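Trainee: Sequence:
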Amino acid sequence: MMAFEAANRNGTYDTLLSRAEKFVRGLQWDESEDTPKDDPKYGGAGYGRTGDRPDLSNTVFFLEALKATGAKSDDPAVQKALVFLSRCQNLETEHNTTPFAVKVNDGGFYYTPAAGGNSQAGNTPEGGLRSYGSMTYAGLKSMVYAGLTPDDPRVKAAYDWIRKFYTVEENPGLGQQGVYYYHQMFGKALTALDVDYVTDANGQKHDWRKELAEHLFRTQKPNGSWVNTNERWYEGDPNLATAYVLIALKSCDPKRVTD
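Heads up: the sequence shown begins at 1 in this note's numbering, then just goes up one per residue.
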């Protein structure tokens, strides 16, 4: 949907996008399929109706698709997604009363609280779900899309996690696993938050656009592609890895200076 919206000229894809939006909206776990609001699945999206549970990654792209077709932060589907997003965050608040929230409580995000919970970074000895980079940037970006402001405790906690684990070299918590997916979420999140510099937990100020672009230029292959030597999540395929990088580099465009 994002691709067709970007390519839509003179209404060429209006009908296609309208149908796609209707289909995508139907993928959300909510009252329409008897999912109550107190269910950890509520508001999320997953791998279609045949999947056993929603997850943060699919919900993030669900929100991007709706945003591309004009959904605003007060759209009911977006606000339902915010319920799910809040439950994917390791932060004990009125918005997250899942048993996982208090076990880590570091402000980062994990894959899903549904169906018993899952983090691709594994569990803590106490049974908590470890936060990791790609999901934390994805969660932060999506909370901004859903209308949360920088003074919201959920946004503050996520940004504090990012400051603590700031890096362009790896996907924090997962090393090189999914690192190019991480890079595109990194760029999108900081763009959405309208942050030009990140001051890390040690007080060092980072021009994140410059650092991300320079790192990606260094890792480009001689044939122009990017490929991850860690093949998890298909990043060993240069077509996918390169697509992620091009999206990340788009976030590195210099900001226009205005009076």
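Keep in mind that the hints are not guaranteed to be accurate.
[Unchecked claim] Simulated pairs of lysine-lysine, DSBU-like, Cα-Cα distance not exceeding 30 angstroms: (1) Lys72 x Lys156; (2) Lys103 x Lys72; (3) Lys255 x Lys67; (4) Lys250 x Lys164; (5) Lys22 x Lys156.
[Said to hold, decoys possible] The following label-pair restraints were derived from C-beta to C-beta distances: (6) Asn202 x Ser73: 45 to 55 angstroms; (7) Asp38 x Pro150: 22 to 32 angstroms; (8) Lys221 x Thr167: 15 to 25 angstroms.
Quick caveat, the hints were computed from the structure, so don't treat them as lab data. No experiment lies behind these values; they were computed from the predicted model shown. Backbone N, C-alpha and C define an ideal beta-carbon position, used for all residues, glycine too.
Trainee: All hints are to be evaluated individually against the structure, with a verdict given for each.
Mentor: The hints, checked one at a time:
For the hint pairing Lys72 with Lys156, the CA-to-CA distance comes to about 22 angstroms; that is within 30 angstroms, so the pair holds. This hinted pair does not check out: Lys103 and Lys72 have alpha carbons roughly 33 angstroms apart, beyond 30 angstroms. Distance restraint check for Lys255 and Lys67: the Cα-Cα separation of roughly 22 angstroms lies within the 30 angstroms cut-off, and the hinted pair is therefore satisfied. Restraint check for Lys250 and Lys164: satisfied, since their Cα atoms lie roughly 25 angstroms apart, inside the 30 angstroms limit.
Using a Cα cut-off of 30 angstroms, the hinted pair Lys22 and Lys156 is violated, with the two alpha carbons roughly 33 angstroms apart. Between Asn202 and Ser73 the CB atoms are about 34 angstroms apart, so this pair departs from the stated range of 45 to 55 angstroms. In this structure the hint that Asp38 and Pro150 lie 22 to 32 angstroms apart at CB holds, the actual value being about 29 angstroms. Judged by the Cβ atoms, the range 15 to 25 angstroms given for Lys221 and Thr167 holds: they are separated by roughly 22 angstroms.
Comparing the model with each numbered hint stated earlier shows that hints 2, 5, 6 do not hold.
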